[in-house]
Amino acid sequence: MSLVKMKHKVVKFLRDKDGASGIEYAIIAAMIAVFIFSFSTPIQAGLTNVFNSIKSALP
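Position 27 (the sequence shown) corresponds to 27 in this note's numbering; numbering is contiguous.
Hints may contain errors.
Claimed, not checked - With beta-carbon atoms standing in for the labels, derived distance ranges:
1) 9 - 39: 43 to 49 Å
2) 57 - 27: 41 to 47 Å
3) 44 - 3: 57 to 63 Å
4) 22 - 42: 30 to 36 Å
No lab work stands behind these hints: they were computed from the structure. All C-beta atoms in this analysis are idealised placements derived from N, C-alpha and C, irrespective of residue type, glycine included.
Using the sequences provided together with the hints, build the complete structure.
Right, here's the structure in full:
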């Protein structure tokens, strides 16, 4: 493969925008996962308290 042909392929690859949306969705999914992971412990503790108070209120 000639150097000119390789240069054209690299430039074409760098200008290609088709894969950008997939990468953006992956970044958004990772951010949502971090958000859920960081708030899972306080939410779990709150839900445990709610269910325990419901359980103690039932006969």
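Does the Cβ pair residue 22, residue 42 satisfy 30 to 36 Å? Distance hint for residue 22, residue 42 holds at roughly 32 Å.
Holds or violated: the 41 to 47 Å window for the beta-carbon distance between residue 57 and residue 27? Since residue 57 and residue 27 have Cβ atoms about 44 Å apart, the given range 41 to 47 Å holds.
43 to 49 Å as the expected CB spacing between residue 39 and residue 9, which holds or is violated: Check passed, 45 Å falls within 43 to 49 Å.
Is the gap between the beta carbons of residue 44 and residue 3 within 57 to 63 Å? holds (59 Å)
Consistency note: the structure conflicts with none of the earlier hints.
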